[in-house]
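> The primary structure of each chain is shown beneath.
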Amino acid sequence: MIRVQAEDFDIGAELSRMTAGRSDIGGLASFIGLVREVTEEGALKAMTLEHYPGMTEKRLGEIEAEALSRWPISASLIIHRYGRLLPGERIVLVATAASHRQAALEGCQFLIDWLKTKAPFWKLEETAAGGQWVAARDTDDHAAERWRKS
Amino acid sequence: MKLLYFAWLRGKLGKPGEDLTPPAHVTNVGELLDWLETVSPAHKAALADRRAVRVAVNQDYAAADHPVRPGDEIALFPPVTGG
Numbered sequence: 013m014i015r016v017q018a019e020d021f022d023i024g025a026e027l028s029r030m031t032a033g034r035s036d037i038g039g040l041a042s043f044i045g046l047v048r049e050v051t052e053e054g055a056l057k058a059m060t061l062e063h064y065p066g067m068t069e070k071r072l073g074e075i076e077a078e079a080l081s082r083w084p085i086s087a088s089l090i091i092h093r094y095g096r097l098l099p100g101e102r103i104v105l106v107a108t109a110a111s112h113r114q115a116a117l118e119g120c121q122f123l124i125d126w127l128k129t130k131a132p133f134w135k136l137e138e139t140a141a142g143g144q145w146v147a148a149r150d151t152d153d154h155a156a157e158r159w160r161k162s
Numbered sequence: 002m003k004l005l006y007f008a009w010l011r012g013k014l015g016k017p018g019e020d021l022t023p024p025a026h027v028t029n030v031g032e033l034l035d036w037l038e039t040v041s042p043a044h045k046a047a048l049a050d051r052r053a054v055r056v057a058v059n060q061d062y063a064a065a066d067h068p069v070r071p072g073d074e075i076a077l078f079p080p081v082t083g084g
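Quick mapping for you: the protein sequence lines, in order, are chains Y and E. Sequential numbering from 13 applies to the first sequence in the numbering used here. Sequential numbering from 2 applies to the second sequence in the numbering used here.
In short, the hints are calculated from the structure, not lab data. Just so you know, these numbers come straight off a predicted model, no measurement behind them. Beta carbons: idealized from backbone N, C-alpha and C, even for Gly.
Covered, in the sense of this in silico footprint (three residues per stretch, anywhere, with C-beta under 8 Å from a C-beta of chain E), are these stretches of chain Y:
id, segment
1, 56-63
2, 66-78
3, 119-132
4, 140-147
Cross-link-like lysine-lysine pairs, in silico, DSSO-like; alpha carbons within 30 Å at most:
id, chain 1, residue 1, chain 2, residue 2
5, Y, K130, E, K13
6, E, K3, E, K16
7, E, K45, E, K13
8, Y, K130, Y, K70
9, Y, K135, Y, K70
10, E, K45, E, K16
11, Y, K135, E, K13
12, Y, K161, Y, K130
13, E, K16, Y, K130
14, E, K3, E, K45
15, E, K16, Y, K57
16, E, K13, Y, K70
17, E, K16, Y, K70
18, E, K45, Y, K135
19, E, K3, Y, K70
20, Y, K135, Y, K161
21, E, K3, Y, K135
22, Y, K161, Y, K70
23, Y, K130, Y, K57
24, E, K3, Y, K130
25, Y, K57, E, K13
26, Y, K135, E, K16
27, E, K45, Y, K130
28, E, K13, E, K3
29, Y, K135, Y, K57
Restraint ranges, calculated between C-beta atoms of paired labels, are given here:
id, chain 1, residue 1, chain 2, residue 2, range
30, E, D35, Y, R113, 49 to 55 Å
31, Y, D22, E, D50, 38 to 44 Å
32, E, D35, Y, R158, 34 to 40 Å
From just these sequences and the hints, can you work out the full model?
This is the structure:
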């Protein structure tokens with residue numbers, strides 16, 4: 013399931029919902045991304061997430077479908093927020109449930125690695141120096157690259 | 002043709018998008034970017050570093066040789082930084 017929203021989310025409620033009423037799931041893996049206060053430009057006042065409505069949901073759906081085709085995943089969830097967020101606030105939740113832990117853990121890592129390099133979101137950092145668009149990082153490209161099928 | 006601009010491209014162009022009608026010889030993404038550079042000094046400045054610009058045609062990533070047609074939704078944006 014894909015959700016792109018301005019509102020915060022309840023981690024416990026979201027994860028509980030994924031496994032509610034099911035007895036086939038043996039493991040649930042999750043990743044939560046948060047707004048960090050420390051930046052190269054100094055203390056962060058806020059971070060604004062911009063996205064491309066329509067394309068964002070489409071790409072996330074394709075990334076999720078790719079994960080489901082590669083691993084035996086029983087349930088998956090991607091929630092990504094947009095708008096102005098303060099340090100400590102949640103940005104993204106990725107979760108995967110499976111019969112066994114390996115599929116859940118690998119599928120979860122794959123989703124966040126691919127999301128970071130393929131889903132159309134952009135971060136604007138606000139510090140005392142003003143607003144600065146975050147540049148894409150080579151380390152994110154490398155993290156995504158290792159999931160590429162050879 | 003509907004153009005959409007995101008992140009610093011929107012900032013440099015001073016608008017979130019615009020409707021433009023390129024000349025008939027513009028048939029693919031690369032030719033569209035070449036022509037866009039001639040529209041105004043702001044367009045030229047925004048597209049100065051072509052490697053920093055990603056393009057989507059009708060919400061799918063598109064390379065320079067991808068065809069463009071009247072009525073397409075073309076988005077220009079920097080490399081993504083979500084997550």
